[in-house]
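J.: Take the sequence shown: its position 110, counted from the start at 1, is 1108 in the working numbering, and no numbers get skipped.
Hint data in this document are derived by calculation from the structure and do not stem from the laboratory. Check the hints yourself; a few may be wrong.
As the list claims (entries may be wrong) - Think about it this way: if two alpha-carbon atoms lie no more than 25 Å apart in a straight line, the pair counts; the simulated DMTMM-like pairs of lysine to aspartate or glutamate are:
| id | residue 1 | residue 2 |
| --- | --- | --- |
| 1 | LYS1153 | GLU1166 |
| 2 | LYS1153 | GLU1195 |
| 3 | LYS1153 | GLU1039 |
| 4 | LYS1139 | GLU1238 |
| 5 | LYS1139 | GLU1195 |
| 6 | LYS1002 | ASP1126 |
| 7 | LYS1139 | GLU1032 |
| 8 | LYS1153 | GLU1213 |
| 9 | LYS1153 | GLU1077 |
| 10 | LYS1139 | GLU1261 |
| 11 | LYS1002 | GLU1067 |
| 12 | LYS1153 | GLU1067 |
| 13 | LYS1139 | GLU1067 |
| 14 | LYS1139 | GLU1036 |
| 15 | LYS1153 | ASP1165 |
| 16 | LYS1153 | ASP1232 |
Said to hold, decoys possible - Distance ranges between label pairs, derived from CB positions:
| id | residue 1 | residue 2 | range |
| --- | --- | --- | --- |
| 17 | GLN1171 | GLY1255 | 28 to 36 Å |
| 18 | LEU1003 | PRO1059 | 32 to 40 Å |
| 19 | ALA1098 | SER1203 | 17 to 25 Å |
Heads up, the beta-carbon is just placed ideally off N, CA and C, and yes, glycines get one too.
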Amino acid sequence: MEAKLQRRIQRYGWDRAVEHYEHSWSRQLAPAQELLLEMAEPQPGEHVLDVACGTGLVTLPAARAVGPEGRLVATDISEGMVGACRAAAQNAGLNWVEFARLGAENLDLPEGSFDVILCALGLMYVPDPTLAMRQMWRASKPGGRAAVAVWGTRKSCGWAGIFPVVDERVNTQVCPLFFDLGTGDAMADTLSAAGFEDIISRRISTVLEYESTDEALGAAFAGGPVAMAYSRFDDATRQEAHAEYLATIEGFRNGSGYRIPGEFVVVRGRRP
């Protein structure tokens, strides 16, 4: 897919998903986000950049960690996500957080500005992840550290059937490279290619719990990366897509809800 089109899909798709994102995913993504922050170790007074900040699920705890004597800049390609993150920070009284709508491949920020770079479950959507990591390397101070979380392998993520279900009904693939970075050492290799050293990688298994069919469908279709494509489906197409996706997760049914397996990879590197 042409990179420009993919960026457009991500920008407007996440604008669509923002209303449903936290309700659908905050609990499910917490293990990856908590490990990311543990490995990044933001300290009081440090300067932190949160790339692909979303609604602020990593931004807010990172801002609390650096405190008002520190600095945190939160960026996202989606204006809707930036707005939601800004509102969450304001509501939490974190008035030292700054915001900018920037794509990960074009971080228009001064070189060598940040002690810590965070990117929680956003890099899978970027057309050129190595370029994005080079941008993060450029923004890092010498000795600065970057921590990135991505989804793991396709076979370890029981909800992966959402992509072929949607791709059958749209003209372009929604997330063509989604699971590539979670395969083998791909994420660690991407940091290395961008110039980071002292790389540490951890792979963890998790379970995505949904209490009902409606919750599982809302997360998969309205609250995630296929939201823009889904918004264009008519009622009949939605019903067909729902039925096909539910068939792919039927084996994970747990009473009236679902326990769907997932996997994350979290990698940390340091700029020399």
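J.: None of the hints should be skipped; say for each whether it holds.
T.: Status of the hints after comparison with the structure:
no.	hint	in the structure
1	LYS1153 <-> GLU1166	holds, 20 Å
2	LYS1153 <-> GLU1195	violated, 29 Å
3	LYS1153 <-> GLU1039	violated, 31 Å
4	LYS1139 <-> GLU1238	violated, 50 Å
5	LYS1139 <-> GLU1195	holds, 13 Å
6	LYS1002 <-> ASP1126	holds, 11 Å
7	LYS1139 <-> GLU1032	holds, 23 Å
8	LYS1153 <-> GLU1213	holds, 22 Å
9	LYS1153 <-> GLU1077	violated, 32 Å
10	LYS1139 <-> GLU1261	violated, 31 Å
11	LYS1002 <-> GLU1067	violated, 38 Å
12	LYS1153 <-> GLU1067	violated, 44 Å
13	LYS1139 <-> GLU1067	holds, 18 Å
14	LYS1139 <-> GLU1036	holds, 20 Å
15	LYS1153 <-> ASP1165	holds, 18 Å
16	LYS1153 <-> ASP1232	violated, 30 Å
17	GLN1171 <-> GLY1255: 28 to 36 Å	holds, 29 Å
18	LEU1003 <-> PRO1059: 32 to 40 Å	holds, 34 Å
19	ALA1098 <-> SER1203: 17 to 25 Å	violated, 34 Å
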